[in-house]
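A.B. asks: Residue numbers (the numbering used here), protein chains in the order written: chain A, 73 to 182; chain B, 301 to 443.
Quick caveat, the hints were computed from the structure, so don't treat them as lab data. Each hint should be verified, as a subset may be incorrect.
With a Cα cut of at most 16 Å, we get these calculated EDC-like pairs of lysine to aspartate or glutamate [said to hold, decoys possible]:
hint: 1; chain 1: A; residue 1: K154; chain 2: B; residue 2: D340
hint: 2; chain 1: A; residue 1: K154; chain 2: B; residue 2: E372
hint: 3; chain 1: A; residue 1: K138; chain 2: A; residue 2: D105
hint: 4; chain 1: A; residue 1: K154; chain 2: A; residue 2: D123
Pulled from the structure, derived: some chain A residues nowhere near chain B, Cβ distances all over 10 Å [said to hold, decoys possible]:
hint: 5; residue: Q74
hint: 6; residue: T76
hint: 7; residue: D79
hint: 8; residue: T103
hint: 9; residue: D126
hint: 10; residue: D182
Only a predicted model underlies this, so the values are computations on that prediction, with no experimental measurement involved. Note that beta-carbon positions come from the ideal geometry of N, C-alpha and C, so glycine has one too.
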Amino acid sequence: MQFTIEDRGTYTEVVANGRLNMVSAPTLRSTVDEAVGAGSRHIVVNLASTDFMDSSGLGALIGCLKVARQAGGDLRIACAQKQVQMVLELTNMNRVLAPYATVEEAFARD
Amino acid sequence: MTDRDSQRRFEAEAVPAAINDLHDELDRFWSDLDDVPFEDQMAFTTAVIEAASNVVEHGVPLDRGGVRLGVELSASATRLQARVLEINAAAHPDPLTPATGDPEELESGRGLFLINALVTTVTVERQGNTNVWVLSKESAPRR
Numbered sequence: 073m074q075f076t077i078e079d080r081g082t083y084t085e086v087v088a089n090g091r092l093n094m095v096s097a098p099t100l101r102s103t104v105d106e107a108v109g110a111g112s113r114h115i116v117v118n119l120a121s122t123d124f125m126d127s128s129g130l131g132a133l134i135g136c137l138k139v140a141r142q143a144g145g146d147l148r149i150a151c152a153q154k155q156v157q158m159v160l161e162l163t164n165m166n167r168v169l170a171p172y173a174t175v176e177e178a179f180a181r182d
Numbered sequence: 301m302t303d304r305d306s307q308r309r310f311e312a313e314a315v316p317a318a319i320n321d322l323h324d325e326l327d328r329f330w331s332d333l334d335d336v337p338f339e340d341q342m343a344f345t346t347a348v349i350e351a352a353s354n355v356v357e358h359g360v361p362l363d364r365g366g367v368r369l370g371v372e373l374s375a376s377a378t379r380l381q382a383r384v385l386e387i388n389a390a391a392h393p394d395p396l397t398p399a400t401g402d403p404e405e406l407e408s409g410r411g412l413f414l415i416n417a418l419v420t421t422v423t424v425e426r427q428g429n430t431n432v433w434v435l436s437k438e439s440a441p442r443r
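When you get a sec, could you build the whole thing from the sequences and use the hints?
C.D. replies: Structure (structure tokens):
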């Protein structure tokens, strides 16, 4: 899995490409930690190319959410595919990490 | 009547990299089967990866040889089954008890919950030096 970071002005986009599982979850954590450490407060994780997420990946997203909130910001997710939506819904984590249809919409109303 | 009759076996050292290799094996398993609904593939793959990740994360070796992860996948006319083997591992006292706590705060412990939600039956039994997880999912052929 690969992560890329893009500065979008009012938010930082983290693009997650591949499988978000126990192998890649620590890299997501460190990627978001670095972005927040560098001053990013509003993070959008773009899941358009994330074709799989398990509970380790979900745990990493929740950890990243905590990091962003502790820094006074927030983390949101966008473009979740069917399998990712299934995991979010079964665990009720869609209440905490509500997926936005597009990256642009995630912080559009703040 | 469907002609489903597919079997695959995977075995590797129980380390994180094995999870990606297992996922590739699952992709090949589905490529052998053209009548399993996508939703069933998605649910079963997620459950198998969760069980295998549990072996990698929590398996305690019986000796210096380390824990090995084995997975046997099979499909019959109406059922998908995975036997996830935790080889050369200590027995788990209560393997199917999920984590407790505020679900919105937990960063781990959702794996067992997901497995139970995604398959029809799940059992764990001890066979010799191996813990055997058996995951079964009813799956009617796609029309």
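A.B. asks: Is it true that the CA of A/K154 sits at most 16 Å from the CA of B/D340?
C.D. replies: holds (12 Å)
A.B. asks: Does A/T103 clear chain B by more than 10 Å, comparing its Cβ with all Cβ atoms of that chain?
C.D. replies: holds (16 Å)
A.B. asks: Minimum Cβ separation between A/D126 and chain B greater than 10 Å?
C.D. replies: violated (5 Å)
A.B. asks: Tell me if the straight-line CA distance from A/K154 to B/E372 falls inside 16 Å.
C.D. replies: violated (26 Å)
A.B. asks: Looking at A/D182 again, its CB stays over 10 Å from all of chain B?
C.D. replies: holds (21 Å)
A.B. asks: Mind checking the alpha carbons of A/K154 and A/D123 for me, to see if they're no more than 16 Å apart?
C.D. replies: holds (8 Å)
A.B. asks: Can you confirm whether the C-alpha distance between A/K138 and A/D105 stays at or below 16 Å?
C.D. replies: Holds. A/K138 to A/D105 sits at ~10 Å (cutoff 16 Å).
A.B. asks: Test the statement that A/Q74 is away from the interface with chain B: the closest C-beta pair must be farther apart than 10 Å.
C.D. replies: Nearest chain B Cβ is 13 Å from A/Q74, so the label holds.
A.B. asks: Would the least Cβ to Cβ distance between A/T76 and chain B come out above 10 Å?
C.D. replies: It holds; A/T76 is separated from chain B by about 19 Å at its closest Cβ, greater than 10 Å.
A.B. asks: If I take the minimum Cβ distance from A/D79 to any residue of chain B, is it greater than 10 Å?
C.D. replies: At about 27 Å from chain B, A/D79 clears the 10 Å cut-off, so the statement holds.
In summary, the numbered hints that this structure violates are 2, 9.
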